[in-house]
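Protein chains in written order, with the working numbering: chain S, 4 to 156; chain Y, 4 to 156; chain P, 4 to 156.
Worth flagging that the hints you see were computed from the coordinates, not collected in a lab.
There may be inaccurate statements among the hints.
Chain copies aren't distinguished; within one or between two, either way the pair holds.
[Claimed, not checked] Subject to a maximum C-alpha distance of 25 Å in a straight line, what follows is the list of computed SDA-like cross-link-like pairs (lysine to any residue): (1) Lys133 to Gln156; (2) Lys133 to Ala153; (3) Lys138 to Gln156; (4) Lys34 to Gln10; (5) Lys138 to Phe32; (6) Lys133 to Ser91; (7) Lys133 to Thr151; (8) Lys34 to Gly130; (9) Lys138 to Arg128; (10) Lys133 to Gly149; (11) Lys34 to Glu9; (12) Lys138 to Ala5; (13) Lys138 to Ala153; (14) Lys133 to Pro146; (15) Lys133 to Ser109; (16) Lys138 to Gln10; (17) Lys133 to Asp13.
Each chain is listed here by its residues.
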Amino acid sequence: MAQSLEQRVDMLETRLALQDLTSDYCLGFDKRDMGRFLAIWWSDAVWEIGPPFGDFVGHEGVVHAVEDILWPAWRESTHYTTNLRLTSVSTDALEGICDVYCIGNSIDGQAQTVAATYTDRFERRDGVWKIARRKVTMQHFSPLTGITLAAPQ
Amino acid sequence: MAQSLEQRVDMLETRLALQDLTSDYCLGFDKRDMGRFLAIWWSDAVWEIGPPFGDFVGHEGVVHAVEDILWPAWRESTHYTTNLRLTSVSTDALEGICDVYCIGNSIDGQAQTVAATYTDRFERRDGVWKIARRKVTMQHFSPLTGITLAAPQ
Amino acid sequence: MAQSLEQRVDMLETRLALQDLTSDYCLGFDKRDMGRFLAIWWSDAVWEIGPPFGDFVGHEGVVHAVEDILWPAWRESTHYTTNLRLTSVSTDALEGICDVYCIGNSIDGQAQTVAATYTDRFERRDGVWKIARRKVTMQHFSPLTGITLAAPQ
């Protein structure tokens, strides 16, 4: 069962590549960089955001969710992903779970906080890892009542 | 002093294995998955949570702390671990420090926030890395007064 | 274009080394460990904190910012860095972006929260990676009005 050094290095690279995908989700969304955000999804990916937003399929669905629903809902946001844990499915498929914290202002200027868990399926096609499915489970999505979040002037 | 490629790959794998232990602590606790949570601890591990909870020893102590004290105290929680830094002690022992943020509701429905630092000793036995000791130092553990955390319906 | 196994392992080590720099920034600052904090910066590094703090140059500037301005402003703080994404510039230079969340008390005992993004330039000199430039962009730096953060007694 011993793996070759090449196989072990491949697995290490895979792990960091998947970490990059989870980072680009946050950075692409928060910096409103659609190129970075879209590049993490396979063209047939499924993004199950769930209530109150719904589920979205393919690049068209992802762009629609972001540009028509989520970016208009947030004035600004910062997402933080940690705790990524991977389970091997096959050489070219891994399942992952990770947690996200988000803080920012909704479009009406109300401070908001979110804690959620992403359950992911990552697939490698032609040597490239991307997200095939991401399911969002929210622990909370709630206003930070009485708090005003603003950058220093 | 130059390390072989094999030794360097082993160290990279070790680092990611220890990262996984810190992730499984969060995921196991928050998802109430005792199998995942318990698997990170050596059977003689010491978990120094400190005030107001106390210290716990061995798998029996860990199960007691979680099932009898901590899970009953939290209605739901999300822990986020970052900043893991390792210091080599020997080939099969490393010391680590990392930070955790936690947000959730205590059992009475009060929103809570925690910031803490974990000081860890990781040991490799028969080729497997687990936690031999984790000491918790809390920067704060405080109610988010006036804030209600809830998932979207 | 295929890389040797040695080059691939070097890249993996580089990535973890840069992750360590971003962790030591948080741990060094929050634990008030100037040795750890200063060791992440090249002696000619530029730290662009921006308003309301300003920009700082070299180890002298870094020490001045921390000891004379930032530590006196915080009673305690915890920084959490995630989402580190790297872009190759050359064999010995990488650009990075990552997000930080911070929570703590300012010196007057007011709870504070910060969300910011670090844009970094990392350079390898004589085989060692350190930060050559870090620019801070704040999404918010705001009081958690009505909330008291304290450790359990």
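Among all the numbered hints in the text so far, which are the ones the structure does not match?
1, 2, 4, 7, 8, 10, 11, 12, 14, 15 and 16
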